[in-house]
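There are 2 protein chains.
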Amino acid sequence: MAKDKPTPRPRAETPKGFRDYFGAEVTARKAMLDKIAEVYHRYGFDPLETSAVETVEALGKFLPDVDRPNEGVFGWQDEDADWLALRYDLTAPLARVAAQYRNELPSPYRRYAMGPVWRNEKPGPGRFRQFYQCDADTVGSASVAADAEICAMLSDALEIVGIPRGDYVVRVNNRKVLNGVMEVAGVLDPTDPDRFSHERGVVLRAIDKIDRLGEDGVMSLLTSGRKDESGDFTAGAGLTSHQAATVMTFVSAPRAIARAIAEIEVTGPSHPMFEASLSPHFRNATTIGYLRSIVGLSQIGRDGLDELETIATLLNAQGYGPDRIVIDPGVVRGLGYYTGPVYEAELTFEILDEKGRKRSFGSVAGGGRYDDLVKRFTGQAVPATGVSIGVDRLLAALAAKGRLAADTAGPVVVTVMDRDRMADYMGMVGELRSAGIRAEVYLGNPKQFGNQLKYADKRQSPIAVIQGGNEAEKGVVILKDLILGAKIAQSATLEEWKDQPAQVEVPRGDLVAAVRKMLGQ
Amino acid sequence: MAKDKPTPRPRAETPKGFRDYFGAEVTARKAMLDKIAEVYHRYGFDPLETSAVETVEALGKFLPDVDRPNEGVFGWQDEDADWLALRYDLTAPLARVAAQYRNELPSPYRRYAMGPVWRNEKPGPGRFRQFYQCDADTVGSASVAADAEICAMLSDALEIVGIPRGDYVVRVNNRKVLNGVMEVAGVLDPTDPDRFSHERGVVLRAIDKIDRLGEDGVMSLLTSGRKDESGDFTAGAGLTSHQAATVMTFVSAPRAIARAIAEIEVTGPSHPMFEASLSPHFRNATTIGYLRSIVGLSQIGRDGLDELETIATLLNAQGYGPDRIVIDPGVVRGLGYYTGPVYEAELTFEILDEKGRKRSFGSVAGGGRYDDLVKRFTGQAVPATGVSIGVDRLLAALAAKGRLAADTAGPVVVTVMDRDRMADYMGMVGELRSAGIRAEVYLGNPKQFGNQLKYADKRQSPIAVIQGGNEAEKGVVILKDLILGAKIAQSATLEEWKDQPAQVEVPRGDLVAAVRKMLGQ
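So the protein sequences, as listed, match chains E and L.
Take the first sequence: its letters are residues 1 to 521, numbered as in the numbering used here.
Take the second sequence: its letters are residues 1 to 521, numbered as in the numbering used here.
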């Protein structure tokens, strides 16, 4: 047969925007997700693992993040000319499952899901095209008790993975309150929901920019429009100054409430509200009272506040006070997507950003109520609420707090001094493994002994076991404490080095016991 | 704005050949893989999770199974016109990683990987386009100690997940022995490896069919060819009868060895080999002696037998005798793909097939040595050996043995008798969860109490907690033992039912203790 002509060698590279995870990266994530699953399980949620591949038809074109409506999926045509694609989140597959198995699944259906999702987006630093999500949703419950439960579960999940109480807060808002603001401001007509939808879109995008543009910038966008530093003009919503003032009262609510509470604290017992402020309900009651003053004239606004009040009451009944879960109108992310309560978990401790400035860590999870989940498939509205934890963000937070489950301990390495006695070395490894000790024999070319120690070093091995011909004759093995050895090499003077040999000789029969002792077990 | 015209509803279906995994299916697989990972970890293997997406260039077109060389992948073109595809196994990505990170990774590199792979194959019953693999490989070791280690690890992995010793055997063969047979039979010329490659292909495919065609059928394929029952003719390898006899001696080796050993056992102490047969080495020594009689004239054949002998010795040194791992020339699967030792784990207990006939469960894992892993990328040969466990097959085996970790216990369900007292019910659930008890409050419409009990039933809930207005006044709750209740409903007479009420009334303050007691905790 003719030989194939040589083809150029393939490049050994992940595709652009994809990456691999090695060793401790895999185990740290797994340990974290296992703990979260434990909480979800205790709350009665069942795991669901959908296929990674869906029909494009079933996925729909709805990405949850309003900021990126045009982002794509990875798709292809199958042999029947149907378009298939990789899932871009875990919610769209849940919608498909809830419709497909609606007669078999319990209702309400509590499920959790953990796994990779794929987005055909422009990759960037720290932004990959495949990443993990970790979701929990309750499908088929219209009760805000379902929302309250998710908030409590989110709080428990953060604590179990290692975020201490006080270092996080779950903030809860309600889309209906915003709708109430829109109604009072004159850009929502309950009798004609489609009217003013353009204006509401502009308002929604404007208030989402409060952190970046400040109150003046948002005010411009609500009214006549805004010219940015580059000279680009963004059209405004065209609200009158009176209408815009109503919206701004809502936008500035978090700061106003914080100021009021701070004033009571500073004034102390002489403040008329001081006594009341000692109640754990005070902060949420103050917030709801403030918001009632804005949207009291709107039915939907009042409904939203009643829901928030119920959520606060239900959470208090379980001991989740405002130190963990708090009503906060400042949650605006996702308000365009959700239909009722929305919630967000924020880590409040400070880290240094890339320029060395202190900043609060920020959001690690978010969710809310979305009642059109299954309707696309069946025509029947099914209420649902759920949360998605940003797995990589939470891992980064744990790393920043030094709370990462870092099982980086390498194996005990049995070195090979004499190639012909491999059976002896494998016998040693076998004994260590049987005793539950992570261990391996050096399987590379044993000729250069230095390479074996370099290897043990690279594996972060705690101990090297050595038995040359002399030791074999004497019936002993040498244990080299590589951790102590590294410490001595780093810090000790030559004198100390002499007095503290990082290796011991022990009888062959004491191998397991001596290794255990050196490992501090 | 103009309204969108109504579009037809999407079908709520997984794409053809894909499926979802619910509840216990997810947890049982996870529990099994966690245990296997524990063994891999103890052996010094590190986890690796590569991206699901690779460039088609990096994947190559090499599917490991020689029977299906033309099976495809799911692929698409990215924005730079590069072809990307979902990985079809975990070995091709390992090859890419070993080349990409060759300067950073320890050498040898022991890694394990667990996760889904995708194949664009025609789906069928029990045959899906996405399925799990669980692999462990050692890259960069030419030593057969690496092969021996994988076999020992495979044995440990099977036992830890619940396959008892005696119910499985790891069988080991060597591609080099087969090459020796080919050389002796005159279809392999070591000085011109390409010569006779066509004939060798025919021989390889023929001996792989021994189970289906029997010795006569294989003999025909080795010589002049074979006409099957439908009249179709398959061309033969064209060997002379003498050459074919050599191959047949090899093919029939497993049966010949089994016969010889059985004869000694039956004859008993009067058999001249009886004394020798009591040694744990006897079976492997007999096998190797038999094979030496066939391939002794071939250098490569002798090399292969020496390797098998070393593997047996190394395994014996760790206590893995032929009751767990045995040299067996009957392993032919994958011989065309691998370059040295090959191994296969077979479950030896019997199950009933779909027609109710008893048959041995069969293979659940296989692997071997393949030394061209990284060469495609770097031009440099890197020896490697590894195993892949068939996750679904092994799960099916555990199910057949009743050893599946079936955590199907549903949550305690707190029912809602009075919608206005939801805070009380959530307080109960909160207490139960804080005590580590899986529990939930009914979140559907509470109007029909019967629906709540039906829901608890569907959730496989062990206990329903009930507190109506009367109970609340009395400060008590009712616990309904749903497991006992179901038993009574199934089997008891009316008299027994009266005497054994499956529900108790307990003080509200004793809720947690009483639930614990009823759960038998």
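Just to be clear, a hint being listed does not mean it is correct.
A pair holds if it fits inside one copy or across any two, identical chains being indistinguishable in the list.
20 Å max Cα-Cα, derived DMTMM-like pairs, lysine to aspartate or glutamate [claimed, not checked]:
(1) 487 with 121
(2) 227 with 216
(3) 358 with 167
(4) 401 with 372
(5) 227 with 309
(6) 358 with 38
(7) 401 with 13
(8) 122 with 78
(9) 30 with 159
(10) 474 with 418
(11) 122 with 20
(12) 227 with 346
(13) 35 with 481
(14) 16 with 82
(15) 355 with 20
None of these hints come from the bench; they were simulated from the model.
Violated hints, by number in ascending order, as checked against the structure: 1, 4, 5, 6, 7, 12, 13 and 15
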